[in-house]
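Colleague: Letter by letter, the chains look like this.
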Amino acid sequence: MGLVASGKAPKPLTKLLNLGRKYSLWMYQWGLACCAIEMGAVIGSPRYDVMRLGVIPFPASPRQADLVVISGTVTDKMVPSILRLYQQMPDPKYVISMGSCANCGGPYWDSYSVTKGVDQIIPVDVYVPGCPPRPEALLEGILLLQERIGNEDPALRWRGDPIVVD
Amino acid sequence: MTPLSSTETDTGAEAEPQPDERREAWAARLADTLGDGYEERHIIPSSDLWVRLARDSWVGAATAARDQLGCQFFDWLSVIDWLPSPFGRDMDAQEDNPEPKTADPTEQGHAGGQTRFQMVMRLYSVTDHLGVTLKADLPDDDLTIDTLIGVYPGANWHEREAWEMFGIHFNGHPDLRNIYLPGEFEGNPLRKDFPLLARRVKPWPGIVDVELLPGEEGP
Amino acid sequence: MTAVGADQRQQLAYVATQAADARLNVEIETEGMTLNIGPQHPATHGTLRLVARLDGEQVVEAEPIMGYMHRGYEKLTEVRTYPQVTTLINRIDWLGSFANEVPFILAAEKLMEVEAPPRAQWIRTALFELSRIANITLFLGDMAVQLGALTPVFMAFRDREFVLNQIEAVTGGRFHPNFDRIGGLKDDLPKGWINDTKQAMEKIRDFCDEFEELVLGNEIFQARSRGIGIVPAAVGLSYGLSGANIRASGVDWDLRRDGHEALAYNHLDWRVWTHPEGDSFARYWVRLQETREATHMVEQLLDGLPSGPIMAKVPRIIKVPAGEAYAATENPLGKMGYYIVSKGDLVPFRVKIRSASFSNISITPWLLKGVYVPDIITILASLYFILGDIDR
Numbered sequence: 514m515g516l517v518a519s520g521k522a523p524k525p526l527t528k529l530l531n532l533g534r535k536y537s538l539w540m541y542q543w544g545l546a547c548c549a550i551e552m553g554a555v556i557g558s559p560r561y562d563v564m565r566l567g568v569i570p571f572p573a574s575p576r577q578a579d580l581v582v583i584s585g586t587v588t589d590k591m592v593p594s595i596l597r598l599y600q601q602m603p604d605p606k607y608v609i610s611m612g613s614c615a616n617c618g619g620p621y622w623d624s625y626s627v628t629k630g631v632d633q634i635i636p637v638d639v640y641v642p643g644c645p646p647r648p649e650a651l652l653e654g655i656l657l658l659q660e661r662i663g664n665e666d667p668a669l670r671w672r673g674d675p676i677v678v679d
Numbered sequence: 110m111t112p113l114s115s116t117e118t119d120t121g122a123e124a125e126p127q128p129d130e131r132r133e134a135w136a137a138r139l140a141d142t143l144g145d146g147y148e149e150r151h152i153i154p155s156s157d158l159w160v161r162l163a164r165d166s167w168v169g170a171a172t173a174a175r176d177q178l179g180c181q182f183f184d185w186l187s188v189i190d191w192l193p194s195p196f197g198r199d200m201d202a203q204e205d206n207p208e209p210k211t212a213d214p215t216e217q218g219h220a221g222g223q224t225r226f227q228m229v230m231r232l233y234s235v236t237d238h239l240g241v242t243l244k245a246d247l248p249d250d251d252l253t254i255d256t257l258i259g260v261y262p263g264a265n266w267h268e269r270e271a272w273e274m275f276g277i278h279f280n281g282h283p284d285l286r287n288i289y290l291p292g293e294f295e296g297n298p299l300r301k302d303f304p305l306l307a308r309r310v311k312p313w314p315g316i317v318d319v320e321l322l323p324g325e326e327g328p
Numbered sequence: 166m167t168a169v170g171a172d173q174r175q176q177l178a179y180v181a182t183q184a185a186d187a188r189l190n191v192e193i194e195t196e197g198m199t200l201n202i203g204p205q206h207p208a209t210h211g212t213l214r215l216v217a218r219l220d221g222e223q224v225v226e227a228e229p230i231m232g233y234m235h236r237g238y239e240k241l242t243e244v245r246t247y248p249q250v251t252t253l254i255n256r257i258d259w260l261g262s263f264a265n266e267v268p269f270i271l272a273a274e275k276l277m278e279v280e281a282p283p284r285a286q287w288i289r290t291a292l293f294e295l296s297r298i299a300n301i302t303l304f305l306g307d308m309a310v311q312l313g314a315l316t317p318v319f320m321a322f323r324d325r326e327f328v329l330n331q332i333e334a335v336t337g338g339r340f341h342p343n344f345d346r347i348g349g350l351k352d353d354l355p356k357g358w359i360n361d362t363k364q365a366m367e368k369i370r371d372f373c374d375e376f377e378e379l380v381l382g383n384e385i386f387q388a389r390s391r392g393i394g395i396v397p398a399a400v401g402l403s404y405g406l407s408g409a410n411i412r413a414s415g416v417d418w419d420l421r422r423d424g425h426e427a428l429a430y431n432h433l434d435w436r437v438w439t440h441p442e443g444d445s446f447a448r449y450w451v452r453l454q455e456t457r458e459a460t461h462m463v464e465q466l467l468d469g470l471p472s473g474p475i476m477a478k479v480p481r482i483i484k485v486p487a488g489e490a491y492a493a494t495e496n497p498l499g500k501m502g503y504y505i506v507s508k509g510d511l512v513p514f515r516v517k518i519r520s521a522s523f524s525n526i527s528i529t530p531w532l533l534k535g536v537y538v539p540d541i542i543t544i545l546a547s548l549y550f551i552l553g554d555i556d557r
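Protein chains in written order, with this note's numbering: chain Y, 514 to 679; chain C, 110 to 328; chain F, 166 to 557.
Source of the hints: derived by calculation from the structure; they are not laboratory data. Where a beta carbon is used, it is the ideal one built from N, C-alpha and C, also for glycine. Hints should not be assumed to be uniformly reliable.
[What the hints assert, rightly or not] Pairs of lysine-lysine residues, derived as BS3-like cross-links and limited to a Cα-Cα distance of at most 30 Å, are as follows: (1) F:Lys484 - C:Lys301; (2) F:Lys517 - Y:Lys629; (3) F:Lys517 - C:Lys301; (4) F:Lys351 - F:Lys484; (5) Y:Lys606 - Y:Lys629; (6) Y:Lys606 - Y:Lys521; (7) F:Lys351 - F:Lys517; (8) Y:Lys629 - C:Lys301.
[To be verified] Taking beta-carbon pairs under 8 Å as the criterion, some of the chain Y residues facing chain F (in silico): (9) Leu545; (10) Cys547; (11) Gly557; (12) Ser558; (13) Pro559; (14) Thr586; (15) Thr588; (16) Met591; (17) Cys617; (18) Pro620; (19) Tyr621; (20) Ser624; (21) Ser626; (22) Gln633; (23) Arg647; (24) Glu649.
[Claimed, not checked] Pair ranges (Cβ atoms, derived): (25) Y:Glu660 - F:Asp468: 28 to 36 Å; (26) F:Arg391 - C:Gly144: 43 to 51 Å; (27) Y:Pro605 - F:Asp353: 47 to 55 Å.
Based on the sequences and whatever the hints tell you, model everything.
Modeller: Below you can see the structure in the form of structure tokens.
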């Protein structure tokens, strides 16, 4: 992929690459609290069925994942594990923060043991609000992420530079 | 609580509390067994029973409850910190006209108490379907009490929790370690003088709205 | 499978632990190995971490490490008003949320000396049972997954939606209704709800019948769960096990029947299911029967629903008189209770939350001694815990 990383790939090729990436997202589930069940409904329930969007929810380890969904309350005790998970994922990697707790602490905004938002430790691409968000909301979040991936310049992303979305 | 069907007719009977013989008998048995260790009791008829003990009778009372009263079921164990919160009353902004309130430091709940920390334990009999709440005061300068693991092995984790949350030391507990919080956490969160820093930094925004009850007109 | 008495079972379990110790010391001179499961592992459904010291395939010592979901409920209730507390405690056992509210509201009602009107009590009970169904259906699918069958969990998610729809139709929330109020309920039932719910109950009964054959009748499932993780009744009680876990050990105790709380259970015709064996299979079996029983209870509740108001007279701003009260109910996971200490303020002075899973899971160090590694998963799954309910 020297061509892509150097930024000299022609535009149609980038489009094609992005199309491929956005419809084969391997999603790692980091289910923490109530939201994990709604995420489970997205994955397991025939009514919502995330696989029709081109998301594969069963990677064996974070090293094979493109996307991680942090769903639920992040506690201070859990922070090292999440950091390690994120470091293990290969670039390009994406994070969806699902639910109020992962977004900002939610109902536990004043608790002594809860981290007030997962974005304090890892960068987040899409925030899904709600307590817990409905399964449809998570699907919408995934669609937004796919839109973002479709418009990305892989060269920038693979060099690790900040992402630019137009 | 009384069963549903008696709600209409019950109002007259509630005016005179009926003596609760079964709970009276339980309290009397504990008093007989423990002697000086038994301090006070409080009974709400057909509802609940509280017994306050001396600290030294803590394990003895649990044994007596298990062997004589048939309380096989270990419900829970915890601590109450009776210190009035040094940070004031957080929710006063919710009230339309908060009346000034003087803290009453002697008010220590059912069955009384003298010190700041009070142990509470709940035991239950699955055959009689009765429960008892046992309490014991801890002296302020010596926050230790004997462990209950020998009587109820399930007390293990509850005691670890009490140790972590209140800093109570349990004599004879094999494994007093943090149960919830990461190792580097400082302080005992459930003590009344432990501040919730997020609230100190950003005060509660105050009264927003109060939900109307069904059938009630808006203001 | 020969039937063994309670004493004998205890003896067997004891022999197994002794054998494990002896094996470590004498028979094989292997170096112990430490196996870490979690904190994020599908088998722990949530964030429980388990550190097991192994000798070959056998567990010598296992220790659950929790706190990864500790959110400080007991402290936070001290800075929330009573109506705000119900919002918070919804999220303790997140699968059966409405059931979390009920014991708290009952304890507060005890202190305030109000009682909900009959209609509110009946609807409360119906929603309580619906929460139970929503909770346990997922268990029925989940435990099958842990034992190597993937399909049941999809079916559980599918049929659970019917119940969630009904809860949502009344309360507006799929998961966290926050519907119970001190003195009654927020709203009455919507039109047409009763018929829809009865249809949903039919579907859940079909689901139960299907699972009875598909999972319970399955040879592989039986081979992997029978005789695994036997809990003797006396040991279970001393560890504070409650709910279906202790009923599966033959203890005939159900707070719905034996408790004295203001709910409509004593107007219904139903039975408490127990199982004498006390193993993982028994725990699954009891929960399956209870789910089916709950559908019948909901139907009876809807048929006999009294008319009248749904809210008792309570002041607009709720101040609970000084005192202490404890109320406990039979929640989907077991006995859940709230011990409220009030000093007459807007906020509780202290709330002790007795959650079922915390006690249920505290038996694991005892229970996992001497079992084989694959059985760890079976036993954890069959004890059925929810992390929010352990860590609070």
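Colleague: Against this structure, judge whether each hint is valid.
Modeller: So, going through the hints one by one against the coordinates:
Proximity of Lys484 of chain F to Lys301 of chain C is assessed by CA-CA distance (about 20 Å); at most 30 Å being required, the pair is judged to hold. Under the criterion of a C-alpha separation no larger than 30 Å, the hint pairing Lys517 of chain F with Lys629 of chain Y is consistent with the structure, at around 25 Å. Distance hint between Lys517 of chain F and Lys301 of chain C is fulfilled; the C-alpha atoms sit about 14 Å from each other, no more than 30 Å. Between Lys351 of chain F and Lys484 of chain F the CA atoms are separated by roughly 18 Å; this keeps the pair inside 30 Å, and the hint holds.
Note on Lys606 of chain Y and Lys629 of chain Y: the hinted pairing holds, with a Cα-Cα distance of about 22 Å set against a maximum of 30 Å. For a cut-off of 30 Å, the pair hint linking Lys606 of chain Y to Lys521 of chain Y stands: about 22 Å separates their Cα positions. A distance of roughly 25 Å separates the Cα atoms of Lys351 of chain F and Lys517 of chain F; the hinted pair therefore holds under the 30 Å criterion. This hinted pair checks out: Lys629 of chain Y and Lys301 of chain C have alpha carbons roughly 23 Å apart, not beyond 30 Å.
This hint holds: Leu545 of chain Y has a C-beta 6 Å from the nearest C-beta of chain F, less than the 8 Å allowed. Hint on Cys547 of chain Y holds. Least Cβ distance to chain F is approximately 4 Å, under the 8 Å limit. Taking 8 Å as the C-beta cut-off, the interface hint given for Gly557 of chain Y holds, the closest approach to chain F being about 4 Å. The beta carbon of Ser558 of chain Y is positioned within 8 Å of a beta carbon in chain F (closest approach about 4 Å), and the interface hint is therefore held.
The closest approach between the C-beta of Pro559 of chain Y and any C-beta of chain F is roughly 5 Å, which is under the 8 Å cut-off, so the hint is satisfied. For the restraint placing Thr586 of chain Y at the interface with chain F, the shortest Cβ-Cβ distance is roughly 6 Å, inside the 8 Å limit, so the hint holds. At its closest, the beta carbon of Thr588 of chain Y sits 6 Å from a beta carbon of chain F; the interface hint therefore holds under the 8 Å criterion. The interface hint given for Met591 of chain Y holds, since its Cβ lies 5 Å from the closest Cβ of chain F, which is under the 8 Å cut-off.
Here the hint on Cys617 of chain Y is broken, as its CB sits about 14 Å from the closest CB of chain F, past 8 Å. Among the interface hints, the one on Pro620 of chain Y holds; its C-beta lies about 6 Å from the nearest C-beta in chain F, closer than the 8 Å criterion. Using the Cβ-Cβ criterion of 8 Å, the hint placing Tyr621 of chain Y at the interface with chain F is satisfied: the shortest such distance is roughly 5 Å. Interface restraint check for Ser624 of chain Y: the shortest CB-CB distance to chain F comes to about 4 Å, inside 8 Å, so the restraint holds.
A cut of 8 Å between beta carbons decides the hint on Ser626 of chain Y: the least distance to chain F is about 5 Å, and the hint holds. The interface hint given for Gln633 of chain Y is violated, since its Cβ lies 17 Å from the closest Cβ of chain F, which is over the 8 Å cut-off. With a least beta-carbon distance of about 7 Å to chain F, the hint placing Arg647 of chain Y at the interface is held under the 8 Å criterion. Because the beta carbon of Glu649 of chain Y sits about 11 Å from the nearest beta carbon in chain F, more than 8 Å, this interface hint is broken.
Distance hint check: the CB atoms of Glu660 of chain Y and Asp468 of chain F are about 51 Å apart, inconsistent with the given range 28 to 36 Å. Restraint check, Arg391 of chain F to Gly144 of chain C: a C-beta distance of roughly 50 Å satisfies the suggested window 43 to 51 Å. Restraint check, Pro605 of chain Y to Asp353 of chain F: a C-beta distance of roughly 52 Å satisfies the suggested window 47 to 55 Å.
In summary, the structure is inconsistent with hints 17, 22, 24 and 25 from the numbered list given earlier, while agreeing with the others.
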